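Visitor: Please construct the entire structure, taking both the sequences and the accompanying hints into account.
There are 6 protein chains.
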Amino acid sequence: MNTKIPAPDPCGVPLEYLLAFINEDAPFGDVTSELVLPDIERRARIVARQNGIVSGLSEAERLFSHYNVDATVLRADGETVDRGDLLISLEGPVKAILLVERTALNIIGRMSGISTRTRQIINVATAKGARCRIAATRKTAPGLRILDKKAVRLGGGELHRFSLSDGILIKDNHLAVVSLEEAVGAARRMSAYRKIEVEVESADAAVTAAKVGADIILFDNMEPGEVEDALSALTRLGLRNGRLIEISGSVNEENIGDYALPGVDIISVGALTHSVRNFDVSLEMMKE
Amino acid sequence: MNTKIPAPDPCGVPLEYLLAFINEDAPFGDVTSELVLPDIERRARIVARQNGIVSGLSEAERLFSHYNVDATVLRADGETVDRGDLLISLEGPVKAILLVERTALNIIGRMSGISTRTRQIINVATAKGARCRIAATRKTAPGLRILDKKAVRLGGGELHRFSLSDGILIKDNHLAVVSLEEAVGAARRMSAYRKIEVEVESADAAVTAAKVGADIILFDNMEPGEVEDALSALTRLGLRNGRLIEISGSVNEENIGDYALPGVDIISVGALTHSVRNFDVSLEMMKE
Amino acid sequence: MNTKIPAPDPCGVPLEYLLAFINEDAPFGDVTSELVLPDIERRARIVARQNGIVSGLSEAERLFSHYNVDATVLRADGETVDRGDLLISLEGPVKAILLVERTALNIIGRMSGISTRTRQIINVATAKGARCRIAATRKTAPGLRILDKKAVRLGGGELHRFSLSDGILIKDNHLAVVSLEEAVGAARRMSAYRKIEVEVESADAAVTAAKVGADIILFDNMEPGEVEDALSALTRLGLRNGRLIEISGSVNEENIGDYALPGVDIISVGALTHSVRNFDVSLEMMKE
Amino acid sequence: MNTKIPAPDPCGVPLEYLLAFINEDAPFGDVTSELVLPDIERRARIVARQNGIVSGLSEAERLFSHYNVDATVLRADGETVDRGDLLISLEGPVKAILLVERTALNIIGRMSGISTRTRQIINVATAKGARCRIAATRKTAPGLRILDKKAVRLGGGELHRFSLSDGILIKDNHLAVVSLEEAVGAARRMSAYRKIEVEVESADAAVTAAKVGADIILFDNMEPGEVEDALSALTRLGLRNGRLIEISGSVNEENIGDYALPGVDIISVGALTHSVRNFDVSLEMMKE
Amino acid sequence: MNTKIPAPDPCGVPLEYLLAFINEDAPFGDVTSELVLPDIERRARIVARQNGIVSGLSEAERLFSHYNVDATVLRADGETVDRGDLLISLEGPVKAILLVERTALNIIGRMSGISTRTRQIINVATAKGARCRIAATRKTAPGLRILDKKAVRLGGGELHRFSLSDGILIKDNHLAVVSLEEAVGAARRMSAYRKIEVEVESADAAVTAAKVGADIILFDNMEPGEVEDALSALTRLGLRNGRLIEISGSVNEENIGDYALPGVDIISVGALTHSVRNFDVSLEMMKE
Amino acid sequence: MNTKIPAPDPCGVPLEYLLAFINEDAPFGDVTSELVLPDIERRARIVARQNGIVSGLSEAERLFSHYNVDATVLRADGETVDRGDLLISLEGPVKAILLVERTALNIIGRMSGISTRTRQIINVATAKGARCRIAATRKTAPGLRILDKKAVRLGGGELHRFSLSDGILIKDNHLAVVSLEEAVGAARRMSAYRKIEVEVESADAAVTAAKVGADIILFDNMEPGEVEDALSALTRLGLRNGRLIEISGSVNEENIGDYALPGVDIISVGALTHSVRNFDVSLEMMKE
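Chains as they are written, first to last, in my numbering: chain E, 97 to 384; chain F, 97 to 384; chain U, 97 to 384; chain P, 97 to 384; chain G, 97 to 384; chain A, 97 to 384.
Please keep in mind that the hints were generated in silico from the structure rather than gathered at the bench. Note that the coordinates shown come from a computational prediction; the quantities given were computed from them, not determined experimentally. Be aware that one or more of the hints could be misleading.
For chains that are exact copies, the list does not tell them apart, and a pair is met inside one copy or across any two.
[Unchecked claim] In silico lysine-lysine, DSBU-like type, Cα no more than 30 angstroms apart, as pairs: (1) K267 <-> K224; (2) K307 <-> K291; (3) K383 <-> K267; (4) K383 <-> K291.
Guide: Below is the structure:
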């Protein structure tokens, strides 16, 4: 057997990041395999146990390959799969396959769960005529942002900010300390390069934000009717030009259609990553 | 203001582990706060937005304290709270409060979500007369096992294995390579100290496992009726004495009552940690 | 002596990051101090040996404090200082002061060198009537980006991208692979949230970039006359509205005035961080 | 394409050290490449844009190879190159080439800048008849000592101390606490193995240091005439035998000739590493 | 020469763990090799200098292979070897061989020392008719538990607890705070899954521990006669059934025979890992 | 109780280094304490169980203090103690005391074992009239060099090289590749700063080494008589002046007297750190 090490994904996660998960699951090795298994090689396969959008396969491949298991990924990350579909076929040392098994399934399960739900919400929105992008937020599992965001992208979603370092977003908690005018003014003086986004909760605040130069207006926790009124006010005052409109706040499959209004550019959905339903997937060792 | 650093929790997570989450959320600092906020101190508070069992408060406290925010935890981890309850009151530099905000809320949201669901499932099982322990599995979010397991414990659940290093569990994938007799025999020869658990899918296998000396028998993906038959067979053959019985496989709120049979010691529920519904919680900055 | 630990800077660097520098300078401790010095406390001071803009003082303070040296920072980071000015006064164990000495001076020396040069270039540009922001690039010392960028900001500069993760910049090396139209089109489809910047080397390319929807046009390695022609072309075609113009490519103190043209929003200067002249600073131990 | 992984340099830096720089430049991946580029392979090349001594090529090679880019290094580290010379030819995934590009250029730029200046200063000194070694100090960029020192060595310089752990150097700040006699005495009692170096600022102190047994005398911030007087005094008193003489303190290209006196063994130049002028180098993607 | 990278041992240590030891031994590279050796390849061999049980060979192999040295392991870890036996033959860059030499020998020396002593003690116990398992404790060298425990296993010993996370052991220091009944009761309520072990120092305490449900009784620092009395008491009271008996406390080669009593299941020997006698092993470079 | 955090030892180990040992011993916390102990505070004490030189107390103190246990160190590191002596008194949370217990005792046990043996060997050598320094080698436990070397120093030993980066030592394995003349010549050309040590196995080789300029001659595995002959030859040829003589190779308590010859400066003893006998020490929890 001639294992080929797959190239690290240049847009992906470092191998060290993934290996830390193996170390979490086996800080002193796998005592069961060590005691009960011989040093032989076997074939195994990873199979989908539900329909959905699969992701995390390339991460699983890299982990298995690191332990000299020959992993053949049979479906692309981001692809639609059906219950029973074969996702990865494996061949290598049984102890290595079982060492990686749970970590690989946990990664595929979480990421595919996120990709699947992202696609479902996009489908619902699209069916309602939405022309906007569906985005994730920073409400990810601690330490898993790079995987959670990648899963959203593979499901068709927009990435939004990765972190506090890569976007200016002035929220209610900032505005409890400084006025909207001061905040946007300070940001504009110091940052020609970055877009300035302001969170508002009313049409009036939206108009103020637009007047002082916000590049993106984030309507937070507003009713669809309130959003429509605010959009009208901005249009009436000639403040829409080149400005992005984003909606956030408890948007889900049920109500996203109501927010998919003309003029809305982005709808952010925290639940995509903060309330994940695991995608069901399993590993089957071949008997010979 | 005189900040007292809380003692690290001897049974808890190292501070470095928590700080890595801050670094994920701000690899180059918080550009918004840096540009728009003055260096002043304020009060803020973290509030429950739903009913449930709260956890992650001590982790949040340590993060805020590390950044010289005076954090007063008002409810104990593991306690029942109601929507609107004040959980933590904060006082310190606004920039520090906002740097930690999202990470703290993500930790409390995930952990309390797990604790709340654990308690709900225990309540369902108890109402059905169950006398067994409800346990989590290793189906945790990668990298978050210590927090996920702690949240299960605070919800009243059993910890089960932390990792492949701390328990012998012979599963179907081992038994595709070696026979049950060989596996248990090898484990017994090498390990007097650890319990030996064997996963079975039939009454026959359960009897075999008991005969060769398994300490725990794990009934995986069996119907309640099959479980009852297997328990009867074990009893009939005098193989129950001192042996633990565990149930696993797609157990949830709906069907747990059917499995809460006399003679069952542990029911493991992967969904406790693999499909988490975020607990709703928010941080409010005081205006002065 | 009652040492107060300064709060971590919420917009700053983690202490662990700074301690790694101490570990680099003393992987097995400081053999000289260990062998020749008694365990006594002394006062010491850090003094500027040239005029300029000082920075890195808060990083030095945190390092000294970590080793129980009482550090009083006497000048603010970003402030103008003169040769001979006292920057930090210290009191604590002599061994601790000398352990941290070189690392602290290396940090202050590099950061102040960057801040000082940033201010000088801004002053030159301003004197030539520039109304644009002066920005650093990613040409930082490997591993030191957070400190290098902070020093630029303290000198009055613009931060620009921190990393490949936080801004879309389509450069000549991308355009050797895909056409400008394809590249901008793909970016727009996938990213409503982020600004799209395109690097061009001619007026024609600038017009194309604007037509397909670039938010920022980066004029790279163009002569001032070429820049003026390109700006005229954009204006003539009604393509300037809301679009940022950035200049880069071997800009320095000599030629920045020529690029400080009306309509230019940002001038990036790689030399701010890739060719640093150390700011001269020293530590003097008091005799008693 | 058959990528060969180059052997780690046994005298060089661990790969993990270099990969941390990639992680700094792309904590969440390269969003531009991810959005605008296809998954294809291309050729590219790294070219010198100035004359000088090149270094950092083996570090760049290892980074590219790690990402499955076939890197052929065409010039040896430490070799003299001319503007326009091809340094490395590359072939591999375009996304991988662009992920590594800036980090590789930053490493080559800094290291070659240091090697080039080291060689220039050595050439100046040699032209003035110096027979001594030119050494770097610990005034390196924080975290980059191993690369900075390696670049000095490749330029022909002497390494001197790597850290506080590997040499005894008694400086003015030690002598503000203990007397020269006590310090050298204590060091001699405890350390037969290590050389003992003492920093002096006068001929008298040099004589004292020699009398109490210093192995190296470091003349710090002394005028050339003062150095000559001190050397004469040592010779006159029969204290030169087997003792090394080192010069330091603001030595540069202008004044090094004045210090290249007979009897001087080492001249240390902090500016070699604390004030680096980047070596100009670029990466060009081939169109096909 | 075609180096094959050996698969990571699924039950073994991560490569990063081993590489940290190389970094400890060469934080800035190997200055001797760098200065005095050419870049050539040579053959070398690692040879046993005493009789015993060898281990650590696979760890050494992985380190050499990482540095592109072709390492052929000639004896299995856990095998008996004689003085003069060839253990590993090497071929590769001399600088790489010498970089790894000391670290590899230190690992083999410590691990083989542990395996050898483990086997010796087992042999002594077996000769005295013992039917119990010999176990290591947590008295390992800090940071080396995974290697120390592996060496015990390769010598034929039992692993016992790896850490405080993977077994419940109620010791005298717990019982200074809570009563035995409370402690065992609390553990039983919270943990159906884990065995509960209780340390006792008298027959009475052993009986109490058995009555309240301890799964393992650890006789600590008791004389052989006291152990016999306690075992009789337990048998007499019908408390032996299914319960494990462990002995600990200053057991060594001299007295282990006295403790190898019928009914004893495990004897733990801290000295196996806390007082290690290095196994003598050396590396010889071939002259050509 | 008012816990004072002790200052990090400027010549000592970083706290992070010590905390990694706690993490090794409790990757998921301490399950026993968590389940059976209340959250109360208690007093405890660490007591010597044998005579010897104690060390590692300051490392233990820092670990306990980190977990908010008030630790009072009652004996200085390096001091002579007797069986029964109280070393550290503790007061704080019982769970914290027990979390740190084993790690602290393992550190004190290993370090004091090394310090005690170092002192014993020095005493033996001194009694035989030796005037040389006793040094440790690099034969330390992997990852523990900084602690092992510190323990040697506290026992009165010489530190010798910390690593391959901080001393030039040309050994037999180098001389299998290059001639002694070439090796010393190359080292002298490149390194004015560092001492050059050469390992020899005969009087002839010693004379050659001295002639080509070795600063230290290391007599490896030579009989005392051979050493005397070699010293005579060096003296006769006028090659002793300023040159250090070191002895190594299986020196121990039995034979060190034979090597303590006039003219020998250093005797290195690998066994000081490669074959450590644990110092017996225990922790006792107070009943109230």
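Visitor: Run every hint past the structure and note whether it holds.
Guide: Verification of the hints:
no.: 1; hint: K267 <-> K224; result: within (29 angstroms within a copy, 38 angstroms between copies)
no.: 2; hint: K307 <-> K291; result: both (15 angstroms within a copy, 20 angstroms between copies)
no.: 3; hint: K383 <-> K267; result: between (57 angstroms within a copy, 13 angstroms between copies)
no.: 4; hint: K383 <-> K291; result: between (57 angstroms within a copy, 26 angstroms between copies)
The earlier numbered hints are all upheld by this structure, with none contradicted.
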